[in-house]
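> So the chains spell out like this:
Number of protein chains: 2
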Amino acid sequence: MTQATSISEIVILNEDSVTLPKGYKAGGMHCGIKKKRLDLGYIVSEVPATVAGVYTTNIFQAAPLLVTQESIAKDNKIQAILVNSGNANACTGEQGLKDAYDMQKGFAAELGIQEHLVAVTSTGVIGELLPMDKVNTGIKQILDIENESELLFKQAILTTDTCIKQIAVQIQIDGKSVSIGGAAKGSGMIHPNMATMLGFVTTDANIAHEDLLFALKDVTNQTFNMITVDGDTSTNDMVLVMANGLAENNQLTKEHPEWDVFKEGLKIVCESLAKKIARDGEGATKLVEVQVDGAFSADAAKAVGKSIISSNLVKTAIYGTDPNWGRIVTAAGYSGVPLEPNKLKVSIGPFTVFENGLPSTFSEVEVKEYLELETVKILVELNQGDQSATAWGCDLTYDYVKINASYRT
Amino acid sequence: MTQATSISEIVILNEDSVTLPKGYKAGGMHCGIKKKRLDLGYIVSEVPATVAGVYTTNIFQAAPLLVTQESIAKDNKIQAILVNSGNANACTGEQGLKDAYDMQKGFAAELGIQEHLVAVTSTGVIGELLPMDKVNTGIKQILDIENESELLFKQAILTTDTCIKQIAVQIQIDGKSVSIGGAAKGSGMIHPNMATMLGFVTTDANIAHEDLLFALKDVTNQTFNMITVDGDTSTNDMVLVMANGLAENNQLTKEHPEWDVFKEGLKIVCESLAKKIARDGEGATKLVEVQVDGAFSADAAKAVGKSIISSNLVKTAIYGTDPNWGRIVTAAGYSGVPLEPNKLKVSIGPFTVFENGLPSTFSEVEVKEYLELETVKILVELNQGDQSATAWGCDLTYDYVKINASYRT
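Here the protein sequences come in this chain order: C and A.
Numbering-wise, the first sequence is residues 1 to 409 according to this note's numbering.
Numbering-wise, the second sequence is residues 1 to 409 according to this note's numbering.
So here's chain C without its partners, still in its complex pose (with noise of 0.2 Å):
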C-alpha cells in the first residue's frame, strides 16, 4: 500500500473475481481436449474495452500469443478472450497458428464482433495439434447460457493446478465505485519474466491504453515476475487487462488525483493471483516469501530475493523444516550483487538466524516448528541501501518430481 489513505478506499473480496466489474460476464465446458475436466473458457465484456497485456519472455511464443499481440496492436481493445487449457498450441508451426486464427474467426462470429476483438489463449502440453474439431464444436456451445459461470470459467483455464485461483478489489475513482476483477492459473514452469501462467484482469474503469499499460508493467514486475516454482518460463504466458469504462469514471491517466488508488487496486489483484500460483506450485506445500531490504538498488533487491526463491537447495531445506540459513546466504551470495558479507543480516520469521557475517543463536526447535506453518517469511537485510524487493516462490517435495516426471506420458 502506497499511502494510509488508499488503504481505506480499496475494499478487498476474496469470493469475486473477473465479473465484479460492471459489463462482464465469463463462462467455461469441457469440448474434449481433457478427457474429462474443463479446457474451454470465455470472458465477454458488453463493450470494447481497453486492454493492456504483458507476454512471455521466452523466444518460441505460442501461436495463440502471436494472434492475441497482433490483434491488440490494431486498436488497443477487445471484448472478448477465448482461453483453452489442455493444449498450449506451442511448437505446433503454420498450422498451430491457422488454428488459433480459426479460434478466434469462429468466437468472434458466436458474439457478432469484429475478429481483432477478440484474444486468443491456450495453456497445456506443448506440441501438440490441438484437436480442431472439438475446439470448434465447444466454441459453437460456449455461449449457451448453462456455461455461463465466473466458477466454471476459473476451472476451465486450469492444468495441474489444484485450486482456482481469485480476487477482486473495489475502490472509488472520482465518486464512482470501480471494480477490478482478477483470475489466474499456474502450476508449473513459473519462473520471474512470466511464468506458465494465465493471468486475466478485467476492470469497468475508464482509462486510457497508454496508462492502463504503464500500470500493469510496473505492477506485473512486482508480482508476477517475482514469483517462481521451477526456473522454467514457458511459452505461454500472458496477463490481460480489459477496462470497459462502465463505471464512468472521469479517464484515469498518471495525473488523475486517484491514479495512486488505481494502482494500488491493480497491485493488490495481481499480487493477490500471484501468491496463489506460487502457493500452488506443483507438490508444493507452502508460500514462501523472501523479502530483501536495505538494498542500494531495486534491481539488487529483486536479483538477492529471486535467487534465494529459486534455490532448490533452499526450497528442499524448507520442505524438510531445516533452519539452513547456509544455503539461504549461499543463494545470496551468487545472486550477482556484490554483497557486504558482515553486514547481512538473516531472519526466518521473527528469528534471526546470520547477523554480522556470522550464525545467530537461535533455537533450531524454534526455527523448525516456524518452518512447519503454510507460510514461510524470510527477510534479507542487506544493510547496502534503502531498497527493497518481495519474491514469492514454494518448497520442493517428491511431488514436484513426481508430477514432471510423469506429467506428459
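Each hint should be verified, as a subset may be incorrect.
[As the list claims (entries may be wrong)] Subject to a maximum C-alpha distance of 25 Å in a straight line, what follows is the list of computed SDA-like cross-link-like pairs (lysine to any residue):
#1 A:K343 <-> C:L97
#2 A:K343 <-> C:G124
#3 C:K377 <-> C:E289
#4 C:K217 <-> C:N14
[Claimed, not checked] Distance ranges between label pairs, derived from CB positions:
#5 A:S360 <-> C:Q251: 29 to 37 Å
#6 A:I113 <-> C:T375: 52 to 60 Å
#7 A:K377 <-> C:N221: 49 to 57 Å
Keep in mind that the hints were calculated from the coordinates and are not lab data.
No residue lacks a Cβ here, since even glycine has one placed at the ideal position from N, Cα and C.
Given chain C's structure and the hints, the job is docking chain A onto it.
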C-alpha cells in the same frame, strides 16, 4: 581432442590419480569431524610446485579459500594441500579465518616447510566452527605411514558423494613422459562458475605459472564450469593444479610445440572429473550431456546448454524417461540467446524429436528405451553459426529431495 596426433600421444589411465605424476604422495584419515568416515586428507610434493587455482564466484568465499589465495599470491608455488570434509569453514567469521591459518601453520610445521606453501581447503556444512582440537590432533598424525594412500585421500575429501572420482593421463613432452592426475569431490550445490566441488590436479610437468593458470582457466570454462546439479554455486569451490617439474621437460609455455598436447591432457583430466561429479549428483540416476552446435558464438552455445541442463522440468522428464522435447525447446527459448525457432533441431540420442520449428515423427517407445540408459545425450543444433559447447548434468529424482530435505539436521 584438438588434433589427431594428440590422441595417439595421450594415454588415459582410469585407475590412477594424483600420485601418478613423479614426486607426489597423498593420504587420508578420520580425525573426528564426521562421525565415522574419513575427513582429513593431504597431497604433498617432494619439491615446491608451480600452482594455479580457480575459485568460487560466490561473494561468501569460505575462510580456507581466502587463506589459500593469499598464500598462492606470494610466489605462485605450493608444496602441499590439506583438505577436510564434513565442515566447510564458511560463514565462520574471524574465528574461521584463524582456524584456516592454524590448519595451514600446523601442517607446514609437520612438513617442515614454509606456511605459505600449504594450501588449505574445506567442504561440508556451512556456518559451524571446525572442531580444531580434533583437526590439530589429526594434523599431527596424518603423515604417519599407515595413512599414506592415494585411495584414503580420495575418500577423505567426499561429503554426499557416493563414489570417488579420479583420472590420470600420460603424455610425451620433449620426449619425456609427463603425467597429469586428478581427484575431485562434488555432488550437491553444483552449478556453472564453480560448483560445491573440489578438484585437485597434480602433474610433474615443468610449466610456468602464468601458462598453467591460462590453461586451467580455459579448460575449467569448458569442463567444471559446464556442469550443474542444482544451480547452486557454493562458497567453497576450488580447483588447484600443482606442477612440480620433476618430469624434466623443457618449460612449457603457449609457444612450446607440444603445448596443445599438455592442454589436451589437462582437459581430459578435468572433463573426466567434471562428468563424474555430474553423474554423482545428489540422487542422480543418470549422466545427462547436452551438446549445442551451430551457435553464432561460444557464449551463446554455452548459455543454451546451461539453460537446458539446469531445467528442473527437463531433469524430471529424463528421470521419468519421458521424451518431453517441449521442455528442452522451452529451456532453449528462455536462455536469453536470440534463437531462430524454425532453424532449431533437437535430438535425444539418435532420435530427432524436433526440427524446423515442429515436432518430428518418432517412436515414443524407442526414445523411452533410450532414456533408460545411464548416459543420456541431447543434441541441440541452432543452425546459426559454427560454435559449439557441451554441458553435463543429471536427472532430478525423489532422492535429491530426500537428501536435501534432511542433510543438516
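> If a hint holds in the structure, say so; if it does not, say that too.
Structure-based check of all given hints:
no., hint, result
1, A:K343 <-> C:L97, "holds, 17 Å"
2, A:K343 <-> C:G124, "holds, 24 Å"
3, C:K377 <-> C:E289, "holds, 5 Å"
4, C:K217 <-> C:N14, "holds, 23 Å"
5, A:S360 <-> C:Q251: 29 to 37 Å, "violated, 52 Å"
6, A:I113 <-> C:T375: 52 to 60 Å, "holds, 55 Å"
7, A:K377 <-> C:N221: 49 to 57 Å, "violated, 38 Å"
Hints 5, 7 from the list above are not met by this structure, while the remaining hints are.
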